[in-house]
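Given the coordinates of chain X, assemble chains F and A onto it according to the supplied hints.
Protein sequence lines correspond, in order, to chains X, F and A. If you read the first sequence in the working numbering, its first letter stands for residue 1, the second for the next number, and so on. If you read the second sequence in the working numbering, its first letter stands for residue 359, the second for the next number, and so on. If you read the third sequence in the working numbering, its first letter stands for residue 814, the second for the next number, and so on.
No lab work stands behind these hints: they were computed from the structure. For every residue, glycine included, the Cβ atom is placed at its ideal position computed from N, Cα and C. Hints should not be assumed to be uniformly reliable.
Stated by the list, open to error - Computed footprint of chain A on chain X; a stretch qualifies when at least three of its residues, placed anywhere within it, have a C-beta under 8 Å from a C-beta of chain A:
#1 66–72
#2 110–116
#3 256–264
So you can see what is in the structure, the chains are spelled out below.
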Amino acid sequence: MKAIEITLSSFIEGIGLLLENYSVLAPVRYDGILDFRWIDDPLKIELGGQLPYKSPKEALFPRVEPIIRFEKDGITDACHEKPMIVVGVKPCDIASINMLDIIFSEKNNKFDDPFYKRRRKNLITIGIECTQKSRGCFCEELGIDRSFSDGCDAFISVNGDKLIINILNPEAGSVFSGFDGRPVESMASASKEDDHIRPDFAEDRPSTPQYSTDPDHDAKLDISADERDLFDSIPWNIYSESCLGCGTCTYVCPTCHCFEFRDVEKDGVVTRNRCWDSCMYPKFTLHASGHNPRPTQKERFRQRVLHKYLYLKRNCSIIACTGCGRCIRSCPGGVNIHRTVKDIISRIEAQDRKGAVE
Amino acid sequence: MDEKLKDNWCPTIVAFLCNWCSYAGADLAGTSRLQYPPSIRIIRVPCSGRINPQYIIRALVDGADGVLVSGCHPGDCHYLTGNMYARRRFVVLKRLLDICGFEPERVQFTWVSASEGGRFAQVVESITDTVRKLGPALPGDMTAVSESNNRSESVTSVSLTDFDYRVQESKIRMLSEELLSSGKVDVVLGFREDTDDGAPVPLFARTREDLQKLVWNRHCWRNLSPYLKQLNGKAAIIAKPCDSRAIVNLLVENQLSRENIVIIGVECNGMLDLNDMPIRGCEGCPSKVPPVYDHAVASDGGNEFMGLPSPADQDNSNDTRTMRSVHERRARFLREIDKCILCYTCRQACPGCYCAACFTDRKMTNWHQADADLGEKIAFHLTRAMHLAGRCVSCGACENVCPSGVNLKYIYDGINDFINDQYGYRAGIDPEVPPAMSSYSTTDREIGFLGGERP
Amino acid sequence: MKGASNDNLSKAASRSLKAIETHCQAYDNPYIPIRAEILDVIQETTSQTQDVKSFILRPSCPLPFSPGQFVEVTVPGTGEAPFGFASSPHITDTIQLCIKRTGYVTDCLHRMRPGDEVWIRGPFGNSFPVDEMTGYDLFFAAGGLGLAPLRPLIDLIFLPENRVKFGKINMLLAARTTKDFIFRYDYGRWASNPDTELRLTIDNPEPGWDGLVGFPHMLVRDIPFDIHNTYAILCGPPVMIKALSDAFSRMGMPKDRILTTLEMRMTCGVGKCGKCNIGHTYVCVDGPVFSVAQLDKMPGEY
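Chain X on its own, in the form it takes in the complex (with noise of 0.2 Å):
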């Protein structure tokens, strides 16, 4: 495997080239919120700190996608189609690219969308090492460490001030070719230099990617139990009662797509939109008859609970949760599905065990 060793400088600098032909997503700090932004300029590119609260699904699952438009001569395309990097990745967002590629695929109900597929494809994703824990993080609960890099097509280590640019696919490796810096071998690990990290990331890393998928692996946030049973058994209302249904929770989540049609019409053009839709809006599953399966804020976030961690490991084997934190940083009500789902398991095993005695 390729690796370049080079310094935040160059880097920065080699990303600036590559803008004349790429759209590129990267951390930035605009009035004082670190957010992925589409940027302009390398410069304000901040790597290696805090999570920037929102998620790089934009370049996937935009907020707004144009995806065909009406014309009088019929259906043209309207899906975006210049290449796109995505730089600045931490293990949580690489594992949830890697599950969305799961959900936007034939593997979760037989269809394979493809205007999730082009984007993909257009897609370069360039991962870095989480050196910094966020508030109410819990990746590893998840089978998630901070070196996490499958599925990424490079992924840099940093070594004391300089990066490490381990090249994971071969065929990205040309995005790199510009770039001021010198080749080294890959590290399979990332850096030596933990000293200076928080308590949190001091015990020792294991020397493989651990993989949230991985039917073998254990992670430790894991709901195993009949829908129908967590439906009446569990007390929903408890920990969904500050809930204001203002949807930030999935907009700021890195795997949540659930998405809504909208048609437009612009000077006789009709496009057809797709845009981000939220489980928690009371009107989400509203039938134009008035009735609504899901009338109160209870039931949409068990939807939106046991969506993440029952219905697609049923479908798809995978538990749609990175325990990045972000929906927990952002609520106003201060629901916190952390704790919610660590409930719901304790739960789950008392009523086991009591089971298990009668």
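This is chains F and A only, laid out in the frame that chain X set:
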């Protein structure tokens, strides 16, 4: 675009004319063969009072260069008082557009009677001329926008010694326990610690065991009043002044019944974020004591409120009157809007936004396309500001909960100050006074109207 | 703002277009619809509370489907909604959709005339297990608009070459009032089939009505049929389905022989958008046809 800058460019001006006076006046101009520029697109409405400010906002966002609204002269309304409500509404709308940096001359209000054909032609000439000089409207023009310096850096130290939060906390606990155990309330709405070291989160305490988790400290910034509506039975709420003001507004609008709430009013002079910096939403808080309460918890835990000022009061960068030019105001507005992702968290957290079907959800009148481009964001925020005019209690929840850090409270504060100046009303003070925007006075000033007073 | 002008079209043509849809290429991408011309609009109900119309559409290319499946219909500029096929699959050049005016999209559809155009994509979903049902008696019970998704199955079975594969057929069609019956023009044809009995029922007695009166679940007890050799196919309001399937299973019918079809709010139709799931089951992919045995294993969020 170039053709728009030619001398003979005719702007597009949408004109809302009331059927009985202004439309007839326009008709008379036509039959009298009076010439006026072909810039206006007339939409006939039964009364100027029927005009939803959203029509005007949508017209601007969808590309109109100007908007003209004309109704019967006050006192002559066919429906007696429609134009009186409209007058107040449009004065406020015009001030809102001004605060947000839309050139005020683009939107004009006036009164034209059925016999004033000549006057109508003059009005159209005048507005066309004005708009032509301003050039095409570019609501989404971002060229003037630049990044701001972070305003919160200007507030430095915070005094912690004036308030004894622990004493307040023990009094709150004692009151809650008494209310719950005596059966006077079914639930106590307060705060508890967050398991992930965040700010305290809402607690719905229904048992003594629940109440053990109750806390009160300087990080309890969340607004609890939106949860009152969903609770059954009687509820006690630990209400900061902002919560109490919100409750007053909800009482005025008949959304809550006073007998079902017990308000534990807690004095406050500002909350802190996790870095112990003052929370943005607290800046410019109009009152440090709860206006309505059943039990008082003062700054020293006693029963007498002291009303201490907060250090953040000296910062008046929020004051819209200090921003001189319309370009500055526009740049500020667009810079904030740029960060917005239309997640609607501000709407959900706002105690005043409680509509079962928000205008953004309605499809039968498709007010809001789900485009999330700049135009839609502008339309959403302007409409929300207009819906909150005279109703916002400056609790700051919108700024505190926004995940993108969008700060638009200065707009709502600006409108609140304007309504207070003009009509002597501020929301959240007195539950007996009807709201300003649902009343009118025959002496309302026509600020910014064509032929009226200058703003 | 609205309404195409020549100016806009020529601008559109001068951009580089990649026309995806011509005809059957649409099938590669389940999100791309094909054109369908409205040939005829039939007013089905005459009551004032329900406005139900049937639309006969000619898709621009053949759209083979199985009974129970559905399509997503787009009215450009307005939106998209799912509707079950209401015509038999053996009719290949046209399809029929039976649509009640309920919301934004259906309101626009109801104002359209023959000659207008809509866009459709599909077919989506699973279908009735016709092969498993051969050799059995059939009991169709439909309430109001619930008859629409059953009609493709009914017409398919009544084809002479298919009729012989099934035993006795009972049909119980319920409607709130006499004005709420749909597909009246078919009843005579259906009833005239060999070994077939068709009964109509309304909720309350009406002058001049000599058919049955009462709810289906009360009436089934008096209809002679072989409980042990029958497939029941139900569709209608959720309350009716629940009451009827309870009545049948109490009478001894095994639950995997009681079939129904569900409706849910849908967007994509291919199990991606997350709207139509009941537990881990997606109605647009694993349904909309389910047996009551399957429904019993699912959580009750429908």
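Each hint tested on the structure:
Residues of the stretch 66–72 of chain X lying with their CB closer than 8 Å to a CB of chain A number 5, which satisfies the three-residue condition for coverage. Counting residues of the stretch 110–116 of chain X whose CB lies closer than 8 Å to any CB of chain A gives 5, which reaches the minimum of 3, so the coverage claim holds. By the rule of at least three residues with a Cβ nearer than 8 Å to a Cβ of chain A, the coverage given for the stretch 256–264 of chain X holds, with 7 such residues.
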